[in-house]
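Visitor: Spelled out from the first residue to the last, the chains are:
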Amino acid sequence: MILFLQILLIVSSVLLVLLVLLHRGRGGGLSSLFGGGMQSSLSGSSVVEKNLDRLTLFVGAVWIIAIVGIGLLIKLPGAGS
Amino acid sequence: MLGAFRSALATPDLRKKILFTLGIIIVYRLGATMPAPGVSFKNVRACAEQLEGQNIYSLINLFSGGALLNLSVFALGIMPYITASIIIQLLTVVIPRFEQLKKEGQAGQGKLTQYTRYLTIGLAILQSTGLVALAVRGQLFGECDQDVIPGKDSIFTLIVLVITMTAGTSVIMWLGELITEKGIGNGMSLLIFTGIAARIPAEGKNILNKSSITFALVIVAALIIIASVIYVEQAQRRIPVQYAKRMIGRRMYGGTSTYLPLKVNQAGVIPVIFASSLLYLPDLVVRLTQGSSSEPNWFSTFVQTYLVKQSSWVHISVYFLLIVFFTYFYVGITFNPDERADEMKKFGGFIPGIRPGRPTAEYLKFVLGRITLPGSLYLGIVAILPNLFLDLTGDGQNQNFPFGGTAVLIMVGVGLDTVKQIESQLMQRNYEGFLR
Numbered sequence: 001m002i003l004f005l006q007i008l009l010i011v012s013s014v015l016l017v018l019l020v021l022l023h024r025g026r027g028g029g030l031s032s033l034f035g036g037g038m039q040s041s042l043s044g045s046s047v048v049e050k051n052l053d054r055l056t057l058f059v060g061a062v063w064i065i066a067i068v069g070i071g072l073l074i075k076l077p078g079a080g081s
Numbered sequence: 001m002l003g004a005f006r007s008a009l010a011t012p013d014l015r016k017k018i019l020f021t022l023g024i025i026i027v028y029r030l031g032a033t034m035p036a037p038g039v040s041f042k043n044v045r046a047c048a049e050q051l052e053g054q055n056i057y058s059l060i061n062l063f064s065g066g067a068l069l070n071l072s073v074f075a076l077g078i079m080p081y082i083t084a085s086i087i088i089q090l091l092t093v094v095i096p097r098f099e100q101l102k103k104e105g106q107a108g109q110g111k112l113t114q115y116t117r118y119l120t121i122g123l124a125i126l127q128s129t130g131l132v133a134l135a136v137r138g139q140l141f142g143e144c145d146q147d148v149i150p151g152k153d154s155i156f157t158l159i160v161l162v163i164t165m166t167a168g169t170s171v172i173m174w175l176g177e178l179i180t181e182k183g184i185g186n187g188m189s190l191l192i193f194t195g196i197a198a199r200i201p202a203e204g205k206n207i208l209n210k211s212s213i214t215f216a217l218v219i220v221a222a223l224i225i226i227a228s229v230i231y232v233e234q235a236q237r238r239i240p241v242q243y244a245k246r247m248i249g250r251r252m253y254g255g256t257s258t259y260l261p262l263k264v265n266q267a268g269v270i271p272v273i274f275a276s277s278l279l280y281l282p283d284l285v286v287r288l289t290q291g292s293s294s295e296p297n298w299f300s301t302f303v304q305t306y307l308v309k310q311s312s313w314v315h316i317s318v319y320f321l322l323i324v325f326f327t328y329f330y331v332g333i334t335f336n337p338d339e340r341a342d343e344m345k346k347f348g349g350f351i352p353g354i355r356p357g358r359p360t361a362e363y364l365k366f367v368l369g370r371i372t373l374p375g376s377l378y379l380g381i382v383a384i385l386p387n388l389f390l391d392l393t394g395d396g397q398n399q400n401f402p403f404g405g406t407a408v409l410i411m412v413g414v415g416l417d418t419v420k421q422i423e424s425q426l427m428q429r430n431y432e433g434f435l436r
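Chains as they are written, first to last, in this note's numbering: chain A, 1 to 81; chain B, 1 to 436.
No lab work stands behind these hints, which were simulated from the structure alone. It should be emphasised that the depicted structure is a prediction, and the values quoted were computed from it without experimental measurement. Heads up, some of the hints might be wrong.
To be verified - Distance condition first, Cα-Cα at most 30 Å in a straight line; then the derived DSS-like pairs of lysine-lysine:
| # | chain 1 | residue 1 | chain 2 | residue 2 |
| --- | --- | --- | --- | --- |
| 1 | B | LYS111 | B | LYS182 |
| 2 | B | LYS420 | A | LYS50 |
| 3 | B | LYS263 | B | LYS346 |
| 4 | A | LYS50 | B | LYS102 |
| 5 | B | LYS42 | A | LYS75 |
| 6 | A | LYS50 | B | LYS111 |
| 7 | A | LYS50 | B | LYS182 |
| 8 | B | LYS17 | A | LYS50 |
| 9 | B | LYS365 | B | LYS420 |
| 10 | B | LYS263 | B | LYS245 |
| 11 | B | LYS245 | B | LYS365 |
| 12 | A | LYS50 | B | LYS16 |
| 13 | B | LYS103 | B | LYS345 |
| 14 | B | LYS182 | B | LYS420 |
| 15 | B | LYS111 | B | LYS263 |
| 16 | B | LYS17 | B | LYS420 |
| 17 | B | LYS263 | B | LYS17 |
| 18 | B | LYS365 | B | LYS346 |
| 19 | B | LYS263 | B | LYS345 |
| 20 | B | LYS111 | B | LYS17 |
| 21 | B | LYS346 | B | LYS103 |
What the hints assert, rightly or not - Computed footprint of chain B on chain A; a stretch qualifies when at least three of its residues, placed anywhere within it, have a C-beta under 8 Å from a C-beta of chain B:
| # | region |
| --- | --- |
| 22 | 12 to 19 |
| 23 | 53 to 63 |
| 24 | 66 to 74 |
As the list claims (entries may be wrong) - Heads up, incomplete: computed chain B residues facing chain A, CB under 7 Å, no partners named:
| # | residue |
| --- | --- |
| 25 | PRO37 |
| 26 | ARG117 |
| 27 | VAL160 |
| 28 | ILE163 |
| 29 | THR164 |
| 30 | ALA167 |
| 31 | SER170 |
| 32 | TRP174 |
Just so it is clear, CB atoms sit at the ideal spot from N, CA and C, and this is done for glycine as well.
Full structure from sequences and hints, please.
Guide: Now the structure itself:
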């Protein structure tokens with residue numbers, strides 16, 4: 001069980017990193033970090049971005065479930081390795 | 001003031017943004033306390049208790065809001081992103097292609113941001129590997145003999161740990177971007193802000209436990225420091241700019257006299273963050289290269305005694321000088337006098353008594369150079385204040401002491417910025433703002 005969760009965790013982690021990297025960076029780097037002035041986000045989020053958001057949220061949920069699951073399995077006596 | 005709060009919450013648009021931001025912050029704090037898979041939460045707590053008061057990881061722990069010593073999923077916090085941003089920023093000076101991208105405007109900036117994001121993931125992998133290695137060797141918590149990672153014999157568990165922490169960093173990056181995009185304020189700096197603010201109650205209780213007189217004194221001192229920081233942050237020199245009257249069609253344009261605000265501290269808190277991250281780097285290198293058994297060589301002893309120890313004079317003066325240098329550096333790359341002068345010339349504006357074009361640029365350069373000097377000195381002094389106190393009293397306080405130094409600078413800077421952004425949103429609807 002724990003092995004399954006770990007594999008799930010690895011897969012979801014890698015997916016998560018890739019999905020986040022696919023997003024268009026809105027941070028604007030350091031130039032806007034800490035009071036670099038106001039820049040309005042001109043374009044609203046497109047359909048692609050919206051679907052990407054949903055997908056990321058879904059993978060993130062799987063990721064969290066896997067983490068919590070492993071934590072619980074380790075905590076329970078006898079179930080952990 | 002309270003009325004402004006009410007109107008901020010009464011505007012549906014703004015309310016949605018504020019609630020969204022709060023939601024993201026809650027998610028971030030939850031993740032910061034969630035232990036990574038394979039880490040024994042009980043043992044980590046026990047070890048972290050022992051470590052209270054020592055200040056080995058002060059800075060990195062400051063930025064991650066205590067998540068590092070929890071070995072949580074978000075243990076690395078925002079640190080890889082900051083380091084990546086610094087590296088990319090510095091590279092724009094060195095690599096011509098990056099400089100070109102920077103000058104390209106929006107599209108080029110976007111590309112640089114994308115590079116920063118890739119570099120963040122790379123750094124996250126490096127740092128999480130280092131962190132896990134430290135934890136396995138038992139070096140992370142010094143003398144603590146509890147077993148932090150129970151299943152450390154299987155290499156698979158460790159790989160899972162590293163990958164999870166890397167993914168955690170990318171999630172933080174995403175959360176920050178979400179705030180910037182859909183919420184209020186700059187996401188990255190807000191996340192750092194929450195990390196610092198989360199430590200205040202615990203630190204305050206620590207001091208209160210020692211003695212209540214000290215507590216009262218600290219509160220008074222903190223208020224004074226905060227007030228003076230706000231005072232300097234808001235200070236600006238207004239250079240008058242006169243615009244010529246122009247007729248376009250039958251409309252009259254210009255003819256107004258406005259001003260060009262030059263802030264005393266144009267660079268914000270970035271120099272402080274740059275400097276402290278740079279000071280932290282040698283220590284990181286030493287920790288990563290040093291084996292558990294090998295004798296400390298001259299380099300690591302040098303780093304330990306002079307750079308890491310916060311009460312040493314070398315540390316304080318190097319920190320101070322770095323801050324002053326980075327203030328000038330950062331103002332130099334963000335504010336371009338030539339560009340400003342050109343822009344003014346294009347729209348028919350001029351500074352009274354100075355010819356447009358090159359003389360204006362030179363004048364701006366001159367004023368900026370003069371005005372940045374007190375700004376940089378102020379940044380340096382506020383940042384090293386706790387270190388000086390540390391030298392006087394000789395105990396417990398350090399850089400992640402949330403009532404002085406770097407922490408106050410970051411908190412006030414980010415707070416002011418966020419409030420200003422909320423205010424500008426309010427102004428669009430003709431409501432009275434927070435600041436008079």
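Visitor: Going back to the hint list, which numbers does this structure go against?
Guide: none
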